[in-house]
Amino acid sequence: SNDAENTAAHHRNTLQFNTYSHRKQLFSVCVTLSEATEEVSLDSPERQPILSDGPSPVITPVTPVMISSRADVFDRSPDQDEDEEENRDTFDIQISVSDPEKVGDGMNAYMVYKVLTKTSLSIFSRDEVCVKRRFSDFLGLHSKLASKYMHMGYIVPPAPEKSIVGMTKVKVGKEDLSSVEFVEKRRSALERYLLRTVKHPALLKDPDVLQFLESSELPRAVSTQALSGAGILRMVNKAADAVNKMTIKMNESDAWFEEKQQQFENLDVQLRKLHASVESLVCHRKELSVNTASFAKSAAMLGNSEDHTALSRALSQLAEVEEKIDQLHQDQACADFYLISELLGDYVRLITAVKGVFDQRMKTWAKCQDAQVMLQRKREAEAKLQHANKPDKLQQAKDEIREWEGKVQQGERDFEQISKNIRREVGRFEKDRVKDFRVVIIKYLESLVHTQQQMIKYWEAFLPEAKAIA
Amino acid sequence: QQEGLDDGPDFLSEEDRGVSFFFPFLISVLFCLCPPTVDDLCFFFCVFFQSTLPNFKQNEFSVVRQHEEFIWLHDSFVENEEYAGYIIPPAPPKPDFDASREKLQKLGEGEGSMTKEEFTKMKQELEAEYLAIFKKTVAMHEVFLCRVAAHPVLRKDLNFHVFLEYNQDLSVRGKNKKEKLEDFFKNVVKSADGVLVAGVKDVDDFFEHEKTFLLEYHNRVKDASAKSDRMIRSHKSAADDINRIASTLYTLGTQDSTDLCKFFLKVSELFEKTRKIEARVAADEDLKLADLLKYYLRESQAAKDLLYRRGRALADYENANKALDKARAKNKDVLQAETTQQVCCQKFEKISESAKQELIDFKTRRVAAFRKNLVELAELELKHAKGNLQLLQSCLGVLKGDT
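Read top to bottom, the protein sequences are chains A and B.
As numbered in the numbering used here, residues 1 to 470 make up the first sequence, in order.
As numbered in the numbering used here, residues 471 to 873 make up the second sequence, in order.
One or more hints might be untrue.
[Claimed, not checked] Once the Cα atoms are required to be at most 20 Å apart in a straight line, the calculated DMTMM-like pairs of lysine to aspartate or glutamate come out as:
(1) B:Lys606 <-> B:Glu742
(2) B:Lys606 <-> B:Asp699
(3) B:Lys743 <-> B:Glu587
(4) B:Lys870 <-> A:Asp436
(5) B:Lys853 <-> A:Glu460
(6) B:Lys842 <-> A:Glu460
(7) B:Lys842 <-> A:Glu446
(8) B:Lys736 <-> A:Asp436
(9) B:Lys870 <-> A:Glu446
(10) A:Lys286 <-> A:Glu320
[Stated by the list, open to error] Listed next, with one range per pair, are the computed distances between beta-carbon atoms:
(11) B:Gly867 <-> A:Ala461: 21 to 29 Å
(12) B:Gly580 <-> A:Ala461: 40 to 48 Å
(13) A:Val172 <-> B:Glu581: 42 to 50 Å
[Stated by the list, open to error] Going by beta-carbon spacing under 10 Å, a handful of chain A positions derived as facing chain B:
(14) Leu218
(15) Ala255
(16) Gln261
(17) Val278
(18) His284
(19) Phe295
(20) Asn304
(21) His329
(22) Asp331
(23) Ile340
(24) Glu400
(25) Arg428
(26) Glu430
(27) Leu463
What the hints contain is simulated information worked out from the structure, not anything from laboratory work.
Only a predicted model underlies this, so the values are computations on that prediction, with no experimental measurement involved.
Even for Gly, the Cβ is constructed at its ideal location relative to N, Cα and C.
Isolated chain B, as found in the complex:
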């Protein structure tokens, strides 16, 4: 029972999912895995969507896409000047099964040192973990597409339509080494610029506040995300220990010649159950808390990128102004300078206008998402604690009555 994972990207608010009465899109990402070998896990996502919009050739369609194609789509948005004024929905993270694969390997190595029951149990645990990560990965990809579909401008993008409709391989090769290096340097330059831009105080109070806020917020979300991951990992480790304890108690129960045998068996049974609940608690914390923080880490980065682009446009505008003044002073190429200045001005104002709305929407989405998830987190924690309590009390009742 992977409850909470089956209803898709549930760490997003309804606004994020775009599930509203007027929403013309319904996108589901199903997932199928066709690996040539187990070591070379190549994920294929089946994207299934329905639409009532006229721009689409069909009402229902499904295509098969790889992770690289999602990245291609995201990057095409980022590189499109037209979309400079929007928060580009963050790209879905690459499927990462390294940790689970490592665990599976360790399990295989340690097979000789544990009983058959223990081995089977741990294998089942690992398989469940794998499945959970699969579902999460799928959900992340779905979230991305839904966010694009929810955006009034991005949903009309041509590449987006191609992505959804073109039933052949898009042949988007992943970036080769040279391109990756170029990206790297671009990012370095960007962050240097970002520092410059951040240093200049903005005339507009709204953007000045947003800049200060986002810079700090992004760093703190990053920290909180990392710390929540560590906390949840410890939780999982503790649950694993309880699993082993339950197994050993069972063996003790079957071997003991005294009255303790019943005791051990009963407690072993109890720990088997409470262990499952503890694992569930860790999984729910992962979904409602860790995933939420990770997502807003990426979103706040996308918002920062927007501010950067606006900052660049502002710098360009100011430079164009200076160039115009110079041209007028020298009375040379004035017309060209005027045109450039006008273009920069328009670009800057366009970005500012949409950026303001985007940032306001971002806040609304963020508050809604946090509210939804914190409420659900608290409700789940309560549910599990009550479940645990009931098991413990009933077992205690039996054990005390036995003496």
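Next comes chain A alone, as it looks inside the complex:
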């Protein structure tokens, strides 16, 4: 019976692998694609394609490249932005991440994914492009986008999380179920990440995004490694940011921002809680599936040893029903996970990004304040020098005043712009959130309906068998 158990287990494993590729198709597009404009939005900072070559800046934000003297960027009224959002044409881009392939051996091994883009948008050079990318490429892309856009108040979709444990198992070559699950989970997450990124009208036109999707060769993003020097620097900066956040006390003149921040704070708490409960449900449903299968085998054995023929047959039938139900539980657990749990996980990370842009605004304000303080000092210094007889120094002081007046003006403009951007971004984010949750919840309920319909089918088939015991 040990052999039987082993072959049964092996059969299960292969079955599950097959159904994973099947599920991949079912659950691969869990991100709704909303409409986006064909026309280039004037909000995108670069007119010139500035491709960040080599290792991307590690610190976010970096000195903004876009704050040039382009006045037109700041002259857009918020109303104009809203209108363009409304008049979007149908969004025509499909992205799939598929066919994970292991490259190399041992601890240097890595997975490579096929990224296929199908589109009719003109910014792309071809209708259909297929490239091969590895996980660090995705992280590299995100890193670049964050450094370019976050300080302007754009909500840049976060990349999927690293997992040293998960990846190590895959590297070491464990062909077991948990490795298969891990790769599938990651593949799905990468796909959702790309879809969310191109959904953003500004990011879609970004040259780095285009290069990522189209270019056959991509410079390796080394600075994304967790334990690299860059990685450690990132962690240090994150800590520094957290400290700074606590010390900046902003006079919030705009109630909208205060209200929104509180709402996102509450949402964060609840989504994390919900995510934890759903993860627990997935775990228990998987356990239920395993225990049901185990019971099914046991019931079959009991049926075998029962010497009353009709009862014996009924018990065997019961075993079959339970086996089918175990598969149902498994499928449901998958739906629980890929539909709900992953969505919640994505949104927990997205909200962190949202909170990030609010923090950027605070930083911008702080910078503006600092500039004003500096200007005041320079004016005081100049006033003092008025009565001394140092014409050179006086001139220098006047120059400095002009310089800092410029900086103050710049700071105020930056603050105004980031505030405007955030309002728009949050509006877009909330719209997408409503759509995403609606679609996913309905899909999930439909999966629950399917499960119950199957249950009814199985028990209806069993009932006459039970009644036939005489």
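Here the structure of chain A is known, so what remains is to put chain B in place on it, guided by the hints.
Same frame as chain A, now just chain B:
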């Protein structure tokens, strides 16, 4: 609504309950709890019975008995040589609230980390669970008495009458440590003997078949019982998760500033209801499947014990035969050997005769009980799945129409 629990030992067939037209007994076990402290739960069962038989002083009577007194009664049957040829109805299991008590403690500890509504909800859940276990315990004790009352010979037992009628405490102290150890060794010896006895092939085909069958059947029922328990526990855990999800969705619904608030509230309401159904499914599986298997685990053990006793009697008979031969050969104590041999022979034949009938009855009861419970299980599963489906579809209808 603890449906299915109120009609008593419903996992037994009618034959088991002895509810037949000619049955002169009606026994109900009601239950009252008078604990000195909550930690020292001492269960008192009110046994209420009616009888039309002349042997009883009154037609209706009720007494208060403790669990130990039920065990005393059961053990007195087992130890009675007269009843060696019968399947002794298995003793009711000791009331076990450890798991629930643990959960209650955990709930108390975690009170700070959840909202008032969540806490109240979970407390109610636990109280319902406690109540369900109470009712089950009561039912098990009732089953035992009913089985005794249904048995044509056992129902006449003197101890049984004392148990039902004597309105004072029976003063049956639980076995002390020494006695428990003696029991333990007796069981060890028994199982060693059992192996010996099982090894000898029986001349009688019927008993040979029964022996093989029972040995295997008992082990498989044990396994199935354990596995069904695990399965049902997972089911309960999943239902608990859905409970928490429903609560969080409700909070989300009240906080959300977008159109999603209505969505969340509707789905939260749905999950509250489906969660109750899932808990119900687990409870029904527990009653119809897990309890059934547990009961037949104990019954099949009692049947095995019967076979063992017969085996012992057979061994005694064979030894007596050998002793008689030896006595005749030596021409010493022949009369005594003859008497012993006759006694053993009678004992063995008496046991064999009643054992055969008992084992046939056992099969009949078993088949009937399984049929009843499997049918009811399937019907309940269907009922709950249809209920769930209807809730899900109606909610989907509302949500889809909303967009």
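*Could you grab the alpha-carbon distance between Lys842 of chain B and Glu460 of chain A and see if it respects the 20 Å cut-off?*
holds (16 Å)
*CA of Lys743 of chain B to CA of Glu587 of chain B, is that 20 Å or under?*
holds (16 Å)
*asked:* Would the hint on Glu430 of chain A be counted as holding, given a Cβ-Cβ threshold of 10 Å to chain B?
replied: holds (5 Å)
*Does Asp436 of chain A lie within 20 Å of Lys870 of chain B when you go C-alpha to C-alpha?*
holds (14 Å)
*Can the suggested window of 40 to 48 Å be confirmed for the beta-carbon pair Gly580 of chain B and Ala461 of chain A?*
holds (43 Å)
_Can you verify the interface hint for Leu463 of chain A: is its Cβ closer than 10 Å to any Cβ in chain B?_
Holds, because the Cβ-Cβ distance from Leu463 of chain A to chain B comes to roughly 4 Å (cut-off 10 Å).
_Pairwise hint evaluation, Glu742 of chain B against Lys606 of chain B, where the allowed Cα distance is 20 Å at most_ = violated (26 Å)
*Taking the least C-beta to C-beta distance, is Asp331 of chain A closer than 10 Å to chain B?*
This hint is violated: Asp331 of chain A lies away from chain B, its Cβ roughly 14 Å from the closest one there, beyond 10 Å.
*Have a go at the Phe295 of chain A hint: is there a Cβ in chain B nearer than 10 Å to its own Cβ?*
holds (4 Å)
*For the pair supplied as a hint, Lys870 of chain B and Glu446 of chain A, is the alpha-carbon distance within the 20 Å limit?*
holds (11 Å)
*asked:* Holds or violated: Lys606 of chain B and Asp699 of chain B, Cα atoms, limit 20 Å.
replied: holds (15 Å)
*asked:* Given Gln261 of chain A as an interface hint, is its Cβ closer than 10 Å to any Cβ of chain B?
replied: violated (13 Å)
The structure fails hints 1, 7, 14, 15, 16, 22, 24, 25 (numbered hints given earlier, in ascending order).
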